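Line order of the protein sequences matches chains A and B. The opening position of the first sequence corresponds to residue 7 in this note's numbering, with each subsequent residue numbered one higher. The opening position of the second sequence corresponds to residue -11 in this note's numbering, with each subsequent residue numbered one higher.
Simulated from the structure, these hints should not be mistaken for laboratory data. It should be emphasised that the depicted structure is a prediction, and the values quoted were computed from it without experimental measurement. The beta carbon of each residue, even a glycine, is placed where N, CA and C say it ideally should be. Heads up, a few of these hints could be off.
Under 7 angstroms between C-beta atoms, here's a sample of chain B residues computed to sit facing chain A [as the list claims (entries may be wrong)]:
1) Asp(-4)
2) Arg(-3)
3) Thr(-2)
4) Ile(-1)
5) Ala0
6) Ala2
7) Ser4
8) Ile8
9) Leu9
10) Gly10
11) Leu12
12) Gln21
Using 30 angstroms as the maximum straight-line C-alpha spacing, the simulated BS3-like pairs for lysine-lysine come out as follows [claimed, not checked]:
13) Lys115(A) x Lys135(A)
14) Lys99(A) x Lys(-7)(B)
15) Lys115(A) x Lys(-7)(B)
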Amino acid sequence: MLSNFLSNYRSVTSLAFIVLAAVLVEFFEVRASIYPSLLPFFEWLKYSSWIGYLGITYGSVYATVQAGHLIAMAIIGGTVLVTDLRLLGVLLKDIPSESITKGTHQCFKYGLSVAIATGIFCAAGVADKVYYMPVFWIKMLALLAGSGFMFFIKQPLLNSRPHSEIGPWTLRLLAVASIFIWFTVAATGRWIGFS
Amino acid sequence: MNNSKWDDRTIAAASSSVIILGALLYYWAGEVQSTVELLELAYGSFKFFNNPMIF
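With the hints as extra help, turn the sequences into a complete structure.
Shown next, in the form of structure tokens:
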């Protein structure tokens, strides 16, 4: 019976496992015990890695890569807003939402890849600063949650059947959660820049 | 089971959306609260649209 449940509710079981793991990590203070051991890596990233060296030494290179990071973030924001506002019935109502979600997801994947690659470079230049910033870790958590939500929850559901067969409130909930989490990624990113 | 309205993917989507929204609302409400406390500490009171630079 348990194996039948697990095979029928694989996504729900995985989600419950992830939530339980997060609660246990906090309860047993695993995060707090790992945190100090990450400092040498961040110091190496800034002072010894070639991307840290490039970022510190050449301001023009740092600015150029950061421009790429902002453009990639703009692509992510654009694709998320178009998709989710369509799911909410605000934008592009004459185009089927299935076409929009499939089309924008390709663009989203490229934007996310560029944002992560350029983001590692940007973080390397200020690695010893961001290590001590709680908002940096909030951003990383939001990015991880947002990516997992997009690739393992939202897109599989939207691609699985016509959207008319999905409950309208489920679609709205998905859209609002998606907008909110990518807003948090963007806002915390700018917060790092202004700290 | 997979043909029902509340199948695996739908339940996972709805519950993860609720978890994400709850966590983010909790986080941003905490940030608003700490900002208000900081403003009260700095200026004695907090009012909407008060500009501390104008006396």
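The hints, checked one at a time:
Look at Asp(-4)(B): its Cβ gets to within about 5 angstroms of chain A, closer than 7 angstroms, so that hint holds up. Satisfaction of the interface hint for Arg(-3)(B) is found here, the shortest Cβ-Cβ separation to chain A being roughly 4 angstroms, below the 7 angstroms cut-off. Here the hint on Thr(-2)(B) is kept, as its CB sits about 6 angstroms from the closest CB of chain A, short of 7 angstroms. For Ile(-1)(B), the interface hint holds, the least distance from its beta-carbon to any beta-carbon of chain A being 5 angstroms, beneath 7 angstroms.
Residue-level restraint check for Ala0(B) holds (minimum Cβ-Cβ distance to chain A is 4 angstroms; threshold 7 angstroms). Satisfaction of the interface hint for Ala2(B) is found here, the shortest Cβ-Cβ separation to chain A being roughly 5 angstroms, below the 7 angstroms cut-off. The interface hint given for Ser4(B) is met, as the beta carbon of that residue sits about 5 angstroms from the closest beta carbon of chain A, less than 7 angstroms. Contact between Ile8(B) and chain A, as hinted, is supported at the beta carbon level, the nearest pair being about 5 angstroms apart and thus within 7 angstroms.
Interface hint status for Leu9(B): upheld, as the beta-carbon distance to the closest one in chain A is roughly 5 angstroms, under 7 angstroms. The restraint placing Gly10(B) at the interface with chain A is violated, with a minimum CB-CB distance near 10 angstroms, outside the 7 angstroms limit. The interface hint given for Leu12(B) holds, since its Cβ lies 5 angstroms from the closest Cβ of chain A, which is under the 7 angstroms cut-off. A distance limit of 7 angstroms between C-beta atoms decides the matter here; for Gln21(B) the minimum to chain A is near 15 angstroms, and the interface restraint is violated.
Straight-line distance between C-alpha atoms of Lys115(A) and Lys135(A) comes to about 29 angstroms, which keeps the hinted pair within the 30 angstroms bound. Among the hinted pairs, Lys99(A) with Lys(-7)(B) is consistent with the structure: their alpha-carbon atoms are about 24 angstroms apart, no more than 30 angstroms. In summary, the hint linking Lys115(A) to Lys(-7)(B) is supported, as the alpha carbons are separated by about 29 angstroms, within the 30 angstroms threshold.
Comparing the model with each earlier hint shows violations of hints 10 and 12; every other hint is respected.
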